[in-house]
Each structure stands twice: as C-alpha cells, then as structure tokens.
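Okay, so the sequence shown: first residue is 1 according to the numbering used here, each after it adds one.
Hint data in this document are derived by calculation from the structure and do not stem from the laboratory.
Be aware that one or more of the hints could be misleading.
Said to hold, decoys possible - Here are the computed lysine to any residue pairs in the SDA-like style, where the Cα-Cα straight-line distance is at most 25 Å:
1) Lys85 - Leu30
2) Lys71 - Met32
3) Lys85 - Gln69
4) Lys71 - Lys124
5) Lys68 - Asp40
6) Lys124 - Glu8
7) Lys68 - Leu93
8) Lys37 - Cys118
9) Lys28 - Gln13
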Amino acid sequence: MSCVQWEEQTAEQILRVHRALGAMMPLKTLWMGSSVKLLDFEEEMIPNFTDKVVAEKEAIPGLVLYHKQLKILMIRCKEGWVGVKTIIHKKKLTATDFYNGYLHSWSQNNSLMVLKNCRFQTLKVTTAKKEAKKFIKCSDNNCDTISSNV
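Make the full structure from the sequences, and use the hints.
Written as structure tokens, this is what we have:
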C-alpha cells in the first residue's frame with residue numbers, strides 16, 4: 001500500500017496517499033535496486049514543471065531531476081510531477097545530499113539515454129506462499145500427522 005507506482009499513479013494520487021499514510025508508513029520506491037523511503041513531499045503542486053534537458057513527452061514515470069532553486073527532487077508520475085525534500089537511502093538525506101551523492105554525476109553526462117536510467121522504479125512487494133507444515137503428535141505409542149497452515 002505504501003509502494004509508489006510511478007507508471008499508474010498521478011501526482012495528486014501520490015500526494016493523497018502520502019497525506020493519509022506518510023506519518024505512519026513512509027512511501028517506498030526503488031533506486032538502483034535498493035529500497036528508498038520518501039519522507040517530506042512538497043505539498044504545493046509544481047505546475048508545468050519541465051526541465052531544459054528533458055522534454056515532457058520524453059519524461060518517463062519515475063524519472064528523477066533536481067530542482068536547484070527549490071532544492072527538491074522532482075519525480076515524474078503518470079501525470080505530473082511530485083517534489084520530495086527528504087528521503088532515506090541507507091541514511092536520511094536531503095534532496096541536495098541525494099543529488100550530490102547520486103544524481104550529480106548522472107546529470108553531468110547530459111545524455112538522454114543516461115537520464116532515462118536515472119529514475120525511481122516501482123517497488124514490487126511479493127508475498128510468499130504459505131506452506132503447510134506437518135507436525136507429528138505422539139502420545140502413548142500413537143503418532144498422528146497434523147497439517148497446519150503457517
């Protein structure tokens with residue numbers, strides 16, 4: 001429930017989930033195969049956010065850009081963008097810290113192909129199938145097998 005689905009959720013939907021669950025259960029996503037928690041969202045919608053490097057039609061969901069003036073990470077959703085001020089990736093990081101540590105080298109290449117790989121991905125949580133465990137109950141030389149779902 002707290003996993004952001006960038007390809008399926010609009011910016012407004014993500015902000016609503018954050019307002020409803022964010023204090024108890026931070027929203028989660030994937031960055032380069034590692035789980036990331038998104039903490040502080042910019043509640044004001046940033047209208048018509050476009051970057052000089054990436055045209056709107058080429059901005060795929062999950063794409064992460066850094067807005068230097070606002071000092072926030074801009075993340076592309078199904079429709080629109082959300083702004084994030086703080087995340088947890090190994091440790092708590094501001095948007096500026098995340099940019100300096102993880103995005104800066106990517107953005108220096110200015111290649112559209114490189115930028116397309118610079119994105120958050122949907123964290124897919126799989127639930128393991130519960131396997132029936134067999135217990136053996138023995139009493140007075142009588143042994144019965146009991147199945148139990150765990």
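Do the hints match the structure? See the list:
no. : hint           : verdict
1   : Lys85 - Leu30  : holds (17 Å)
2   : Lys71 - Met32  : holds (22 Å)
3   : Lys85 - Gln69  : holds (12 Å)
4   : Lys71 - Lys124 : violated (29 Å)
5   : Lys68 - Asp40  : holds (17 Å)
6   : Lys124 - Glu8  : holds (13 Å)
7   : Lys68 - Leu93  : holds (16 Å)
8   : Lys37 - Cys118 : holds (17 Å)
9   : Lys28 - Gln13  : holds (14 Å)
Going down the numbered hints, you'll see the structure goes against just number 4.
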